[in-house]
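Undergrad: On the provided structure of chain A, position chain B as indicated by the hints.
First to last, the protein sequences are chains A and B.
Following this note's numbering, the numbering of the first sequence begins with 19 at its first residue and continues without gaps.
Following this note's numbering, the numbering of the second sequence begins with 19 at its first residue and continues without gaps.
Accuracy of the hints is not assured; some may be wrong.
Because identical chains share one entry, a pair is satisfied inside a single copy or across any pair of copies.
Said to hold, decoys possible - Taking lysine to aspartate or glutamate pairs in the DMTMM-like style, the calculated list, with each CA pair at most 25 Å apart, reads: (1) Lys65 - Glu151; (2) Lys65 - Asp255; (3) Lys93 - Glu234; (4) Lys154 - Asp200.
Just so you know, these hints were derived from the structure itself, not from any lab.
This structure is a prediction, so every number in the text was calculated from the model and none was measured.
Number of protein chains: 2
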Amino acid sequence: MKGENPNPSPRSGAAAELLCGVNAKALLDSVDAFLFDCDGVIWKGDKLIDGVSQTLDLLRSKGKKLVFVTNNSTKSRAQYANKFRSLGLSVTQDEIFSSSFAAAMYLKVNHFPPNKKEDGEKRVQLKSSCFFEHDKNVGAVVVGLDPDINYYKLQYGTLCIRENPGCLFIATNCDSVGHMTDLQEWPGAGCMVGAICGSTGREPIVVGKPSTFMMEFLLQKFHMSPSRMCMVGDRLDTDILFGQNAGCKTLLVLSGVTTESILGDSSNSIQPDYYTSKVSDILKLLGE
Amino acid sequence: MKGENPNPSPRSGAAAELLCGVNAKALLDSVDAFLFDCDGVIWKGDKLIDGVSQTLDLLRSKGKKLVFVTNNSTKSRAQYANKFRSLGLSVTQDEIFSSSFAAAMYLKVNHFPPNKKEDGEKRVQLKSSCFFEHDKNVGAVVVGLDPDINYYKLQYGTLCIRENPGCLFIATNCDSVGHMTDLQEWPGAGCMVGAICGSTGREPIVVGKPSTFMMEFLLQKFHMSPSRMCMVGDRLDTDILFGQNAGCKTLLVLSGVTTESILGDSSNSIQPDYYTSKVSDILKLLGE
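In isolation and in its complexed conformation, chain A is listed as follows (with noise of 0.2 Å):
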């Protein structure tokens, strides 16, 4: 995966410490941003989590920076700014960076034009005679998360794929899992990744966690050491390894998919610095 760290995290291995009042003090003492995972630790669905909004406003009034770094690809940076101010929450359009961000900065790094817009509601027609033309100049096809998946796009996509020159396959994440409803899981972005995978025979540019992609524009903008930096996230292979492949340091939050007894399983092998319920004990241990 492009950008990741060859020195991982020196904690990486070591058994996560359950966050306290004297580590919670020590954490913030050591960083002076806060870089924040969304779905499972700032909101679960359309629901925020409790006490989100007084510790962001806790750790602002720090002098903090926060950064909103999430895989959800389905929102635009200006989308996404909307439903923090729906939720009552104050952030802006440039505290946020989303996989699907990354894929645009991906394509305007490698100078790439805009891409085309596909039509979500085109069917295939398979008679016989046929020929599915696809535009030859399409020079990277962007896969996320779809609920619209179909059998015209998968065939649009692995005909780019295999048939233009130099065609980029890019994956904004491989999350099996997606937050499409609070009530259950549904197919993350991986399986629609997957599929061209299987389509193609080809792995994809991975953009969003855990590759490091985005931490370059971050640092851009915020201009302070990873080390700095503190990533709170409810998963352990994207948003934990994130963390630890970008150098800062990791907090596990067990208010999304993760439970205390995954964390635990000899089976992991992601261990965080520190991990806590959810995001307000912060605001507890801190006594404020």
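TA: For chain B alone, coordinates are given in the frame of chain A:
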């Protein structure tokens, strides 16, 4: 993969021999049965490949058993027999071994009740209050080529595999390419299988080629040694590998997806015993 022969054919690695009069005669004398792939060997889409009918007649007249082994899972054995008949070939149902038959046999030998049929036209409702129900009694998800792939089916299969204890994930095959029309290639079963791998983090049990699962049923039926069989196919990583895994002789035909330059490329490690341009070369080389 289940059922693979740990002792690959001694010829694998050595360069394939071009079929000629001398080795064609020797091949014919050394085998009692020919196993044919269909797409790209017997037909292309809905068109019979030149000389196939006369070649099959010759082989039968010389007392050879003919068997048809296909990864195409979109037809039953009866539908396959109809396709042969419509192209003027007399082939009986029990000479046909398809990956859909293999999947059914896999379930049968593992004592599964017949599977429910899903409605390909169902679409998913993604309202935040909607809970997607799945049948907790489904014990196996069988994935094959499906041009009606959609998010509903992906969620259904994913939930069964993730949440039903012991639920099997069976792939009819993992071919990247499917022959939906004769004018171009389309995403094959590998696309749908990749999607479910991506959403479940699980690897499938593959029952089609190159897995030799089907060979067990073929041997029960025909009572002959695999070393007295020749697998004829157009794909290296399915047909020829299947033949080699099973201990058969192998003949690659260039009338399908493999070109002579792919065969000879340094990146290709799969070498059949023999290769020729098309099945009817046998007829010509034997001077019949």
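Undergrad: Hints first: check each against the structure and report whether it holds.
TA: Hint by hint, here is what the structure shows:
no.	hint	result
1	Lys65 - Glu151	between (43 Å within a copy, 22 Å between copies)
2	Lys65 - Asp255	within (24 Å within a copy, 49 Å between copies)
3	Lys93 - Glu234	within (21 Å within a copy, 51 Å between copies)
4	Lys154 - Asp200	between (40 Å within a copy, 21 Å between copies)
Violation of the numbered hints given earlier is absent; every hint is satisfied by the structure.
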